[in-house]
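Engineer: Here is how the chains run, residue by residue.
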Amino acid sequence: MNSDSFQAPSPQLLRREDFPQLLHALKQSGYQILGPVVSQGAIQWKAITTPNDLPIGWKDLQEPGSYRLEPDPSPRCFNIVHGPESLKPLTFAPRETLLVLDRQDHTFSAKEIQPDTKPTAVFGVRACDLAGLAIQDGIFLNDTYPDPYYQQRRENLFLIAVNCTRAHQTCFCASMGTGPKAQQGFDLSLTEADKDFLIEVGSAKGLKVLKQLTCSLPTEERIKQDEDLIAACAASQTRSLPKSNLPDALYEAHDHPRWDEVAARCLSCTNCTMVCPTCFCHGVEETPSLDFQQSGHTRVWDSCFTPDHGYIHGKNFRPTIKDRYRMWLTHKLASWIDQFGTSGCVGCGRCITWCPVGIDLTEEAHALCQPPH
Amino acid sequence: MTHNPYLIHPATIVERKQESTDIVTFRMQLTDPGLQKSFRFKAGQFNMLYVFGVGEVAISIVSDPDEPGLLDHTIRIVGRVTQILGKMQKGETVGIRGPFGQGWPMKEAKGKDVLIVTGGLGCAPVVGAIEYIFRRREDYGDMTILHGVKTPHDLLYRERYDAWRHQPNTQVLLTSDEPGKTWHSHVGVVTELFDDLQVNPDNTLVMMCGPEIMMRVACNVLTHKGLRPDSMYVSLERHMECGIGLCGHCQLGPFFLCKDGPVMRLDQVIPFMGKVGV
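As they're listed, the protein sequences go chains A and B. Note that this note's numbering has the first sequence beginning at 1234, numbered continuously upward. Note that this note's numbering has the second sequence beginning at 24, numbered continuously upward.
Cross-link-like lysine to any residue pairs, in silico, SDA-like; alpha carbons within 25 Å at most: (1) LYS1292(A) - ILE1281(A); (2) LYS298(B) - ASP1541(A); (3) LYS1548(A) - VAL77(B); (4) LYS1548(A) - GLN125(B); (5) LYS1428(A) - ASN1312(A); (6) LYS1441(A) - PRO1242(A); (7) LYS1344(A) - LYS60(B); (8) LYS113(B) - HIS1339(A); (9) LYS1344(A) - ASN27(B); (10) LYS113(B) - GLU1519(A); (11) LYS110(B) - GLN1527(A); (12) LYS1476(A) - PRO1297(A); (13) LYS1292(A) - ALA1426(A).
One side only, chain B facing chain A, incomplete, derived with CB under 7 Å: (14) PRO28; (15) GLU115; (16) THR116; (17) HIS272.
What the hints contain is simulated information worked out from the structure, not anything from laboratory work. Treat the numbers as computed from the prediction; the structure is a model and nothing was measured. Ideal Cβ placement from N, Cα and C applies to all residues, glycine included.
Produce the complete structure using the sequences and hints provided.
Structural biologist: Printed below as a string of structure tokens:
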């Protein structure tokens, strides 16, 4: 997305008191600004107008099956690592009317609905989410039929990444090679300290915005300090996926008894697929008006955990929870690589955190790679 | 928006033929004259057919790819959309998106004997390929068409089979699981027709469509007769909604059957066919 060439300047330092300049510059450039905002006990992408809208004074605690916000004395804006939403809802809308069809006597006409998108700057994007977005770009934009709805939303994004200096139990981006530092796919990236932000530029668009800010040059020591904090964040992560030959091992594990064990715990609730930054399954709903003169043709997120995902006139190819969990995990970690040349997992850990019963895909993958006991 | 793959194009039903109580063939014509002219498809591809206010369903195109101005679709009334579609009459409007998927391997089949094995409504997606071959008869070797139905009543395209029988170097064998008063062909499952079949394993290409269990058994029998999996093609069916490999429903192992299939070479899908819950 950031293919326009530019010369990345060396990192710059923005003092906390000058941070509002960044919001101002983006607003002046015509962006609506979204950031992580405390909402219903978690965080969501919402419009922000000042840094005070950001979740200052809060931190998140994530464990398998658990997400909690706790008060935190730190002055930082981005102490919360992430909420249930990745960038996915901002590009691949959870519910989007694609067409409206109008009936005229015995015939009808179809009208395309243009997505209502505005240039949107997003604050607080994590490295894992950028990796997830890159995977979805590959799915929605790099095939024979680029998705026009996704494309319009995507082209309107201005992404301000925040490098992670704090990882959760559920995070494993380091093992997936996607984080904790944002390497690509951002316009600007921030590493936050108590008093200031180190800013790096990832695109020409980002550079244009940076030039409007009152920055100074950071000391070598400051840069080193950030690098050490990010490295420590990576080192603190304990989870990882099996490294060797996972796709073959999963294909071969079709009859492994572990599937029965995980299926006994799985509620087939679809949470893991809804919070996943890369899951792309969707269906189309037809919503006729009461007078049957008009009908909406609406794309809605679907999940391979729904009972009718594999249903076809009288036959369900994946009737049990075991079939569906196996479908999900095998797709995510094996067939995804055949389809798109990359794993479908970025190590954000959301599926572990937001699973009501705390099923951990890394644990399942390791167990499935072992011979049945 | 340019190239919106979701855009539905109105089409008129110009002919309706009741094939049996629950099977109907529609002849459709796109309403837009420009699209009518530019629409092209390959034998074995499918369209998403849309019924106003109800939704879409994936149905293969059974008509002649050389006459893309008219699109024939044979449907069985089995689900939410086909219940309504099946009742539609000549002059009414449906929607079309397509064509999608990979067609039958007509190029690979050139110069070879072609063995067609179908069951039930599975004959519909292959009709286009059969007609294609008969219009270029000299490009292909011997034709063998095996078709099985549950009951004599389920036999579609009766007059087509009669016509194909009279083509040069062509054998047509029909079978019904159940006997019937007017049924003079074989009684039994389609694989029984293989018993007396002479095939040249090195120069035969197989096209197969029908219930997956039938295709699995048939592929096994043919493998024992010396046919290689890379010379057998099967048309597979899964839940299809988008037609472009995006909605995720039609996956079989690494394949999106709507985009990579529905026609697949057997050696590609052998590891996944017949596995429970895939």
